[in-house]
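K.L.:
Please put together the full structure from these sequences, using the hints given.
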Amino acid sequence: MRDESSAWQQSQTQTADTATRPTTTVDLVVPVYNEEASLAASIETLLAVEPSLGTEVTIIIADNASTDATPDIASTLAARHAQVEYVRLEQKGRGRALSRVWQASTADVVAYTDVDLATDIRVLDPMVEVIRSGLADVAIASRLQPGLAVDRGIKREIISRCYNRLLKVSLGVGFSDAQCGFKALSARAAKELLPQVEDTEWFFDTELLARAEWAGLRIHEFGTDWTDDPDSSVDVINTAWKDIKGIVRLRTGGRTRVQHEVPAPNTGAQILHFIDVGIISTVLYAVLFLLGVQFVSDSAANIIALLLSTIANTALNRGHTFGVRSPHHRLTSQLKGLAAFGLCLAFTSAGLAVADGFTGPWASVGTLAVLTLANLAATVVRFVLMRTWVFARGSHGRSHPASATAVDRTHNDGKDIDHV
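The sequence shown begins at -2 in my numbering and counts up by one.
Everything labelled a hint here was simulated from the structure, so no lab data went into it. The beta-carbon is built from N, C-alpha and C at its ideal position, and this holds for glycine as well. The reader is advised that the hints may include incorrect statements.
[Said to hold, decoys possible] Heads up, simulated BS3-like pairs for lysine-lysine below, C-alpha to C-alpha not over 25 Å straight-line:
| hint | residue 1 | residue 2 |
| --- | --- | --- |
| 1 | 242 | 152 |
| 2 | 242 | 165 |
| 3 | 89 | 242 |
[Said to hold, decoys possible] Derived DEER-like restraints, expressed as beta-carbon distance ranges:
| hint | residue 1 | residue 2 | range |
| --- | --- | --- | --- |
| 4 | 224 | 291 | 54 to 62 Å |
| 5 | 284 | 351 | 18 to 26 Å |
| 6 | 351 | 143 | 50 to 58 Å |
| 7 | 292 | 266 | 37 to 45 Å |
P.N.:
Written out as structure tokens, the structure is:
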């Protein structure tokens, strides 16, 4: 039976540790554009949520060029509440507002939520905690994990899921929901990533997360309930088109510059993953060879099967074995992988020479067995080449983040402007 006294003492110790650790400061940005109808109620809702012990949250209203009464309402809220600040930018762009305010922030954690509060605000505390503990550099809310209460139309649900699947295929990313309006970053991650993010509108979130993942930063997802805003002013079609252009830009020239070496899987994991891929590639080779000999010579079938299985092997090992997530330099990796093709061709050609005298109904099976052994013999050499050459972790150029743009943040007036 559990010792209740011991449990009580442990609880008291944990509470004491929480009370004595340094306060974690959080800048929670609410980007707005012409939100006079909902701004006050949303900010009051955020203020009503008590942050966890040891966390100090400042709510920053980032107004990107509103033309209605939003500036007046925001200024009033900042004057009324000490933990509310107001920033005015004279250019539109949700991404621009977030980037400017985050780069000017001195908080330990920067975060944002959409003004409609469609995402459950209670997810902020676990987000901050996972970053504060060092278990993650970036924390995001996700509407696309199973078992969540997500209330939105079929059209937007399908578009969202298709978009995130497109990201996985085109950019090689692993996160499930790029566009959910609730994210948090450590100060270090923000300073490293933000100077590299070019988009200033809705693609900002996707670019930020893709660059974070390519840089080897740890992204933690929190499944969250979500309620669609029926009055959302987002132009889905126009936004989708801009997102596609953003994907093309990242895919063709958006390589991330990192300030640290991206961690690779440890050697034991690499060996096991390499074996997994090797089994798949061997089976693929066998199937292709047996199909090929029905139409072409044994030598031609061997070359075709080996070439296609090598391409598949390199692609699978790139992500599964050696943890390379960026879509960049895939062609270079394939060209290096084809050098392994030359090695395997030499092994299997020698195997064909050995099997040249096989006759009878089992000749093809015997030939396949010899070629399989030749492939297995080349496996060790192929692993060494991939580890030390094809996917070798070289030194990355260190980036020099641009200085953050200064942004005035005030509590009590509506004259906030950005300035350099």
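K.L.:
If a hint holds in the structure, say so; if it doesn't, say that too.
P.N.:
Structure-based check of each hint:
{"no.": "1", "hint": "242 x 152", "in the structure": "holds (21 Å)"}
{"no.": "2", "hint": "242 x 165", "in the structure": "holds (16 Å)"}
{"no.": "3", "hint": "89 x 242", "in the structure": "holds (19 Å)"}
{"no.": "4", "hint": "224 x 291: 54 to 62 Å", "in the structure": "holds (58 Å)"}
{"no.": "5", "hint": "284 x 351: 18 to 26 Å", "in the structure": "holds (22 Å)"}
{"no.": "6", "hint": "351 x 143: 50 to 58 Å", "in the structure": "holds (52 Å)"}
{"no.": "7", "hint": "292 x 266: 37 to 45 Å", "in the structure": "holds (40 Å)"}
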